[in-house]
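Engineer: Dock chain U against chain X, hints included.
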Amino acid sequence: AQSVAQPEDQVNVAEGNPLTVKCTYSVSGNPYLFWYVQYPNRGLQFLLKYITGDNLVKGSYGFEAEFNKSQTSFHLKKPSALVSDSALYFCAVRDENSGGYQKVTFGTGTKLQVIP
Amino acid sequence: ETGVTQTPRHLVMGMTNKKSLKCEQHLGHNAMYWYKQSAKKPLELMFVYNFKEQTENNSVPSRFSPECPNSSHLFLHLHTLQPEDSALYLCASSQAPTPTYEQYFGPGTRLTVT
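Those protein sequences? They're chains X and U, same order as listed. Going by our numbering, the letters in the first sequence line up with residues 3 to 118, in that order. Going by our numbering, the letters in the second sequence line up with residues 6 to 119, in that order.
In isolation and in its complexed conformation, chain X is listed as follows (with noise of 0.2 Å):
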């Protein structure tokens, strides 16, 4: 069985600053992890994705992820945190051994808030 979590409901950033956001997953064997985000109003929009090799991922908008293994974790990142970054952040994971068609797992999402 697949899990992603997601430990914190809502992070505040202030503009500027580096920005974390969390997530852990549970497979039973390689992960693929993903990141999207979602505007109000708005369907998700992928961000990044690892699938395999360098653990560290870049993607859209300037986020990047590290994958690590050990810590079974895929945390989202930027350097410097936007006003327009604010957003809902969902994590999600799919394990190469689940049988089925494209069926991942989601977290339950984080909401960033960039304060001005």
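What the hints contain is simulated information worked out from the structure, not anything from laboratory work. No residue lacks a Cβ here, since even glycine has one placed at the ideal position from N, Cα and C. Misleading hints may appear alongside valid ones.
Claimed, not checked - Covered stretches of chain U (chain X as the covering partner; in silico rule of three or more C-beta atoms under 8 Å from a C-beta of chain X): (1) 40-49; (2) 109-118.
Unchecked claim - Derived contacts from chain U toward chain X, CB cut-off under 8 Å, selection only: (3) E61; (4) V65; (5) A92.
Claimed, not checked - Partial list, computed: chain U residues near chain X (C-beta under 10 Å): (6) G8; (7) T12; (8) C96; (9) A97.
Structural biologist: Just chain U now, with coordinates in the frame of chain X:
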């Protein structure tokens, strides 16, 4: 409009009504999905279609009936819904039905059942 479009954006229906949600993807993808998003809950996968064939039905009640006439269009037919079915319904697509591909989402239909 590019990407994934959904209509209507908002829908209010009574419990005895019948309505349909429409989704269209302009990305040339082969897989399409319906999700339910409720407040404070993880995204719930409802249905998956691969090349027009339904490959996943995640124990969804029969009052939700999907239809995929081709790889670009997806419908969700609704009848005799319950108030707890009120939610944001999201359509998504992906290039191929393999788990390494990311999904592209539409803006959703906000459904209210009265």
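Engineer: Are U:G8 and chain X close enough, Cβ to Cβ, to be under 10 Å, as the hint says?
Structural biologist: holds, 9 Å
Engineer: Can you confirm whether chain X covers the segment 40-49 of chain U, using C-beta to C-beta distances below 8 Å and requiring at least three such residues?
Structural biologist: That given contact holds, which follows from 4 residues of the segment 40-49 of chain U lying within Cβ reach (below 8 Å) of chain X.
Engineer: Tell me if the interface restraint on U:V65 is satisfied: Cβ within less than 8 Å of some Cβ in chain X.
Structural biologist: violated, 14 Å
Engineer: Checking hints one by one. Is U:A97 an interface residue toward chain X, by the C-beta closer than 10 Å rule?
Structural biologist: Check passed: Cβ of U:A97 comes within 8 Å of chain X, closer than 10 Å.
Engineer: When the nearest CB of chain X is found for U:C96, is that gap smaller than 10 Å?
Structural biologist: holds, 8 Å
Engineer: Take the shortest C-beta to C-beta distance between U:T12 and chain X; is it under 10 Å?
Structural biologist: violated, 13 Å
Engineer: Given that the segment 109-118 of chain U was listed as covered by chain X, double-check it with a C-beta distance under 8 Å for 3 or more residues.
Structural biologist: holds (count 5)
Engineer: Just to be careful: measuring from the Cβ of U:E61 to every Cβ in chain X, is the smallest value less than 8 Å?
Structural biologist: holds, 6 Å
Engineer: Tell me if U:A92 is really an interface residue toward chain X, meaning its C-beta lies closer than 8 Å to one of theirs.
Structural biologist: Hint on U:A92: violated, closest Cβ of chain X at ~13 Å, above 8 Å.
In terms of the numbered hints stated before, the structure departs from hints 4, 5, 7, listed from lowest to highest.
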